[in-house]
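Participant: Sequence:
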Amino acid sequence: MQTPTTLACLLLLSQGVYAAEQQQQTEPKTQPCNDLKNEQKERCEALEHIEVKGQYIGIEVPEVIGRSYLNRDFINATPKGNGDINELIALLPGVQLSNEAYSIGSLAEISAPEISISGAQPWQTGFSLDGLNYNNRIDPGSSSRLSSSSNDVSGGVQSMNVNSDVVESITVYDHNIPAEFGGFSGGIVDSKTKSVFTNDSFSFGVRGNQSSWGSYHFIEADQDSSQQNVDQSTLETPKYEKISYNLRANKQINKRHGVMMSVSYLTSDISDLSLGEVKTQSRKNINAIVKYGYRNGWVDALDLTLMYSPYEVDDFITDAKDSDFHLEGGAVGAVASLTQHFDFATWRSNLNFSMSDSSREGPAHFYNWLQAKGKDWGQYADQGDAQTRYSRQGGYGALDNTQYTTSWKNTLNFNSFEFAGTEHNIKAGIELIRQEVERERIQNSYNYDSPIIWSSASTPLNCSGYTLDCQALETTISIDELAAQLGGEIDFNNQGHITAYSNNVTATAQYFNGRLVTPAEYINVALNRASFYATDSITLGQLSLNLGMRYEYDDFLANHNIAPRLSLGYDVFNNNRTIISAGVNRYYDSAIIGYKVKEQQRFSYREYRPIENGYLQGWLPSNYTGAFKYRFDDVNTPYDDELALGIAHSFEKAGNISLKYVKRKKHQQFSQVTDEEAASDGYKYIYMTNEGDGSSERYSISWSAQFGKHSLWANASYAENKVSNDEYSASAENTPLDELVYYLNAQGEGELVTLGQLEQIRTNFGTPVSGALGWNVDWNSSFSTGLNVTYSDSYTSAVSTGASESIGLEQSCTSCPVESSLVDVYEEQEIRARTMLGLSLRYSHNLTKTQSIDIRADISNLLNARTYTVNEGASGIEPGRMFWVGVSYNYD
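Sequential numbering of the sequence shown, starting at 197, is according to my numbering.
Treat the hints loosely; a few may be bogus.
Across the chosen pairs, the derived CB separations fall in these ranges [to be verified]: (1) W543 with F398: 51 to 57 Å; (2) H1041 with W543: 33 to 39 Å; (3) R1028 with G617: 54 to 60 Å; (4) T655 with L682: 15 to 21 Å; (5) E872 with E947: 17 to 23 Å; (6) R1062 with L1037: 20 to 26 Å; (7) S674 with D572: 21 to 27 Å; (8) G692 with G878: 31 to 37 Å.
Derived by calculation from the structure, the hints in this document are not laboratory data.
C-beta: ideal position from N, C-alpha, C; glycine also.
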């Protein structure tokens, strides 16, 4: 039973985030929870999801802190696909979704789609669930590459994929972010699971979709495209099935003890086009949470949570033969969260541990054959407009990455007090983090990338026992027999003889004279971080002021970083209807432990082999030793300075509106310079510097209103993102081959660039104009609908062409043939504007007072629009309208 005090808290603090209550004018909010004791205080704080001055603005909060709050009602009402929480977050202003989220591959994908907040890279946003951080800190930048490579495992920005069915609420911070959060320069996504101290409940549901329920767009290659050899009849509907199982149970044993369990299991099998054929990928993902709660005993509140979130992928390298590989990843975590109320303050302590891994098993070596007889499957591949055509085969070998993270965060929230006519609320805390990474490759992996056609008629190619990386000439009949048929010898000046010889060849002789060796390695590194933060929230009449500061130190970069967090708000008419806000803040990037891995990493080196009189010789060391080492000596920590301005107004009957301007200036961003000569130890050192810079600027408007049972919200943003493209001139002499790609601009001019420079060029989240709209209706007690519309403007980006470019290397010896190596080719392309509609339909049938059956349908891309994810001029498949259907049993 609710006490009068609890009801008072509800009236003062609980404003409906989504269609919860009719809009009404509110009185200035007080701080009642600090004055309560024990259980009453616990209940009050459970209601105090967000401290608000004024009314909610849809999913945004009209306060100084720039955050959006998505509660369980909003999560249930919003149309969804896989159900990952990033699908919901992408609807918010200032958040942009990766282009890959709209591709045909997204139908099979179980990993979270990448998002960018305030123009930052996806990995620069912090993700946490019940206080447990689940960012991938090993090599998060590799997740945006289109496939894994020998030196990384294509994983994700997040170490686990969080399904929206296991969370109770999501809070997203994008500006004026409090000092208690650090280690980011994008935003913060803070998710919470359900409290165990609610009514006993149980639910089990199944959702799914399959290929026969969807529509597709079959894109044929242009007439002048290199993909014209693809049999267009193979562009058939992908065959797939996706099923999600969800189980939730909650039991309050008594007033002091409660338990909760939530499990989400998602499977996916889908076909995709590779080498003109349809192949099948499969994925599995589990989100399992067990939570125990204890109240009002030897401590006021204690929550113990266990998380288990593994995933598995069986996939292949597109347009490569014999390339099937297996990925395993995910995370296991444990959280202990304690709350203790004292007479002067509330102490909150969160201790958590997680272990995440990302491993791959697959073919040990990769072969880039020249497209010729016997090795001609490359004619069915998308290789762009490349003049040299290749037939690819194999994989990148086995690689294991494991990340261990231990974090302990303690916060004291002092009781409010008055001083000199002002009210003060002080929060202070300390956070300690230790991360450890193990990386292991148990054997060398070879990338054969310098194929040569052997064309000597008098001296046949002898592979000398090399059966995997050499192709001897194969013919229908022997050369001697053919010569006899042609009069005793073959005259290569005779067109008829040439034709007969060509028709007789079934496999052209070719071999590799060079290969890239990715060496076996074992790396174990650790990183320790410490931070202290404090904020004084001051209220003086109509003015509210947050004075915050965060101090950070890590034992790798060894910098003492001080980040001010200052923001203010002014209630213009002293009626909580019009609030003006402003803030200046600094956010330091996380010291990614992947930097320490780079310092110890052994980069790929080259080997070559000569040929004498047609006999292939053994492999020998090349002049290209790959002897590079990274150094992060005496570099400063990159950071963003932010200026935020905003105004929010609540109309009497027309809803709530807010305008925001957020500008960030990036300072001390990493760039690099390489020694021209090797040091005495034989290595060329790549020194990281702080010469990079950049900026992001965003204007956004948000509106929400409720008219009876109809709840509407909308937002639109205009953004400009700029990152410095440093003048580093990349080449094989100053950059590891593992980190080089070839980039073609719109004028067809090509150059070598590093992966870091490619990320600067790729404005994957550079959509200048974006918007979203939602309309949710409870038509009656049983039936409700949700509709959302998203728009993203056109922009240019660097996309993979599927082709490779051969780059020359220094000769290994005077008489040796010129060596070369292959690098991936990216080209500048325009990503066209898209408008997408999603619809959810929900029907609930009551079996008894406590039992019900819910039926749900979700439709994505309602208007069956093109997603423009197939490269311009290429052939491929794009997803159109897709259906998800689910049913669940609920006991409450």
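Participant: Now, for every hint given, state plainly whether the structure supports it.
Facilitator: Hints versus structure:
1. W543 with F398: 51 to 57 Å: 34 Å, violated
2. H1041 with W543: 33 to 39 Å: 46 Å, violated
3. R1028 with G617: 54 to 60 Å: 58 Å, holds
4. T655 with L682: 15 to 21 Å: 20 Å, holds
5. E872 with E947: 17 to 23 Å: Hint holds: Cβ distance 20 Å, inside 17 to 23 Å.
6. R1062 with L1037: 20 to 26 Å: 24 Å, holds
7. S674 with D572: 21 to 27 Å: 22 Å Cβ-Cβ, so the 21 to 27 Å window holds.
8. G692 with G878: 31 to 37 Å: 57 Å, violated
In summary, the structure is inconsistent with hints 1, 2 and 8 from the numbered list given earlier, while agreeing with the others.
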